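Asks: Sequence:
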Amino acid sequence: MPVKAKICGINHPEALTAAASGGARYIGLVFFAKSPRNVSLPLAAELARTVPTGVRTVGLFVDPTDAFLDRALAQVPLDLIQLHGDETPERVAGIRAAHRVPVMKALKVETAADLDAASAYEPVADMLLFDAKPPKGSALPGGNGVAFDWTLLTGRHWSKPWMLSGGLTPETVADAIRISGAASVDVSSGVEDRPGHKDPALIHAFLNAVRGA
Numbered sequence: 001m002p003v004k005a006k007i008c009g010i011n012h013p014e015a016l017t018a019a020a021s022g023g024a025r026y027i028g029l030v031f032f033a034k035s036p037r038n039v040s041l042p043l044a045a046e047l048a049r050t051v052p053t054g055v056r057t058v059g060l061f062v063d064p065t066d067a068f069l070d071r072a073l074a075q076v077p078l079d080l081i082q083l084h085g086d087e088t089p090e091r092v093a094g095i096r097a098a099h100r101v102p103v104m105k106a107l108k109v110e111t112a113a114d115l116d117a118a119s120a121y122e123p124v125a126d127m128l129l130f131d132a133k134p135p136k137g138s139a140l141p142g143g144n145g146v147a148f149d150w151t152l153l154t155g156r157h158w159s160k161p162w163m164l165s166g167g168l169t170p171e172t173v174a175d176a177i178r179i180s181g182a183a184s185v186d187v188s189s190g191v192e193d194r195p196g197h198k199d200p201a202l203i204h205a206f207l208n209a210v211r212g213a
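Reading the sequence shown from the start, the letters are residues 1 to 213 in this note's numbering.
Source of the hints: derived by calculation from the structure; they are not laboratory data.
If you're wondering where the values come from, they're calculated on a predicted model, not measured in any experiment.
Check each hint, because a few of them may be wrong.
Straight-line Cα separation of at most 30 Å, DSS-like style, residue types lysine-lysine; simulated pairs [to be verified]:
| # | residue 1 | residue 2 |
| --- | --- | --- |
| 1 | Lys4 | Lys160 |
| 2 | Lys133 | Lys4 |
| 3 | Lys34 | Lys133 |
| 4 | Lys108 | Lys4 |
| 5 | Lys133 | Lys108 |
| 6 | Lys133 | Lys160 |
| 7 | Lys108 | Lys160 |
| 8 | Lys34 | Lys108 |
| 9 | Lys34 | Lys4 |
Whole structure, please, built from the sequences with the hints as guidance.
Replies: This is how it looks when you write it as structure tokens:
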């Protein structure tokens, strides 16, 4: 089965077009003010309206309030909520129930013990995402261009679909898929020519590498 790819942090139409035309299955919109990839709700709504059928629109949130989720979902058609903060399993379950949108929970990984935390989220999340722990002092929970040891995922199985993230690039993604066994991968900074700006050529290179894997 082909590996699915998510291009996260889309914030301009050219990047969205490159992702969709290149075969990405997921488009990620970041709603986190500290991120260079942050998008306003009006811009996100405009971008989301151009996402073609068959591509899922994902909204990335970091410890969001219910009020902000309400505002975002009222304006932006999202297929999946990505929670990338310190949300507890109870909070994930509450968001999923209250907003009636599937939820993907991101988990920050450095050691095998960090993967053990996934079991608490399996009953309440629709998908899991394994990302590298951010460097000390970073204000960003993801999108730092940092990878973790992919062998930690080798042979591991979860009851829910999962996605690999963290420091992936067009040059490394094939090895990451082979080593980890990932069926879905997520990239953000690895397809940028400067912080927060997606390069359509790098997006195509990444998606070609995923297809080749």
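Asks: Give a verdict on every hint.
Replies: Against the structure, the hints:
A distance of roughly 15 Å separates the Cα atoms of lysine 4 and lysine 160; the hinted pair therefore holds under the 30 Å criterion. For the proposed pair lysine 133 and lysine 4, the alpha carbon gap of about 23 Å is at most 30 Å, so the pair holds. Restraint check: the Cα-Cα separation between lysine 34 and lysine 133 comes to about 17 Å, which is no more than 30 Å; the hinted pair holds. For a cut-off of 30 Å, the pair hint linking lysine 108 to lysine 4 stands: about 21 Å separates their Cα positions.
A threshold of 30 Å between alpha carbons decides the hint, and for lysine 133 with lysine 108 the separation of about 5 Å falls inside it, so the pair holds. Our distance criterion of 30 Å between C-alpha atoms is met by lysine 133 and lysine 160, whose separation comes to about 21 Å. This hinted pair checks out: lysine 108 and lysine 160 have alpha carbons roughly 17 Å apart, not beyond 30 Å. Between lysine 34 and lysine 108, the direct Cα distance comes to roughly 18 Å. Compliance with the 30 Å bound is thereby established for this hinted pair.
Of the pairs offered as hints, the one joining lysine 34 and lysine 4 holds, with about 28 Å between alpha carbons and a cut-off of 30 Å not exceeded.
In summary, the structure agrees with every hint in the numbered list given earlier.
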